[in-house]
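Asks: FYI, the numbering for the sequence shown is 1 to 347, going by UniProt numbering.
These are computed hints drawn from the structure, not numbers from a lab.
Fair warning: there could be bad hints in the mix.
Claimed, not checked - In silico EDC-like cross-links for lysine to aspartate or glutamate, where the CA-CA straight-line distance does not exceed 20 Å: (1) K80 <-> E16; (2) K292 <-> E274; (3) K97 <-> E43; (4) K97 <-> D81.
What the hints assert, rightly or not - Restraint-style ranges between C-beta atoms, simulated for each label pair: (5) N335 <-> L8: 56 to 64 Å; (6) P206 <-> G65: 50 to 58 Å; (7) S189 <-> G110: 45 to 53 Å.
For every residue, glycine included, the Cβ atom is placed at its ideal position computed from N, Cα and C.
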Amino acid sequence: MKNLLVSLADLPAFEEIIDVRTPLEFADDHIPGAINAPVLSNEERVIVGTLYKQDPFAATKLGAGLVAKNIGAHLASTFKDKPQNWRPLIYCWRGGKRSGSMATWLNLIGWKAWQLEGGYKAYRGQVLQLLETLPAASRFIVLAGHTGCGKTRLLHALAQNGAQTLDLEGLARHRGSVLGSFPATSQPSQKSFDSQLTRQLARFDPARPVFVEAESKRVGQIQLPASLMLAIRAADCILVQARFEDRIRFLCDDYASLFDYPANFKTRLSRLVETHGKVVLAHWNGLIDEGKKAELFAELISKHYDPAYKRSSQSNYLRLSDARPLLIDPSGDLNACARQLIVDFAA
């Protein structure tokens with residue numbers, strides 16, 4: 001029985017997409033909307049793969065038995081309530097034996113299961129191709145400015161008021177600085193980030209601007225695509241500003257949770273020892289121990305963040321010298337400010 005094959009272009013036609021790779025493969029990245037019904041567990045795949053190097057026939061026989069067992073388990077649980085007219089799309093790494101086995105059994109039962117030609121590998125190739133081309137289709141407006149000036153607050157206000165926004169730090173789950181990891185949250189894998197970014201870029205209306213924060217080429221452990229960096233570094237800029245005391249207040253609010261875990265906080269700051277020396281780091285650690293948030297962030301702004309901004313921003317963003325200045329006042333109406341920007345930068 002020959003399985004029915006479809007290409008990536010046919011994905012929208014399927015209401016249910018089944019990823020039969022291992023849970024680890026699925027967690028690393030998967031086609032949006034897919035559910036995981038692995039035909040081999042993480043451990044089973046390692047066992048079969050190791051044996052295959054020694055005895056391919058024995059490994060294939062062992063793998064077939066494990067796959068049959070796991071498909072049977074899914075039929076008794078994951079798929080037990082599926083109607084007779086159910087038509088899922090099945091994929092694995094390359095559209096080979098794992099997805100083929102699942103599709104064959106589902107079709108033998110009477111469902112109409114389709115197999116994705118090329119599997120996840122084909123999807124990943126499409127993502128990489130789109131990342132090369134999609135950024136150039138959008139007109140970006142970059143929110144530039146010193147650390148703690150309220151850029152993220154403004155970006156969120158723009159989104160809430162209907163603007164197109166690209167929240168790279170939200171997608172990467174990291175604020176982009178040495179202190180930037182989100183509390184109790186790990187970053188996505190690079191592949192998962194790429195998939196999310198591609199979906200976001202594909203949704204944008206090219207006739208309307210897209211607001212984005214200025215970022216370096218890395219956001220934590222996530223690498224931003226070169227094509228995106230080229231597009232935003234050549235874009236028009238808004239120079240977001242805030243008074244020094246307001247910047248301290250913003251950072252105290254944004255990073256308040258760091259003081260709940262002083263050992264972790266000190267570990268993060270220790271990455272700056274080569275730049276600022278052991279004496280300065282010991283002083284900052286003392287401020288952490290004393291809970292002196294304002295004093296610590298005032299020193300981080302003046303001694304670390306602002307000098308780093310001065311060294312990099314002007315050369316990275318070509319139109320920063322012509323940027324429109326915008327002062328963020330905590331007592332002002334940020335939503336009104338966002339609405340005015342939307343009007344001012346409308347195509």
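Asks: Okay, which hints does this one fail, numbers in order?
Replies: Hints 2, 4, 5 and 7 not satisfied by this model.
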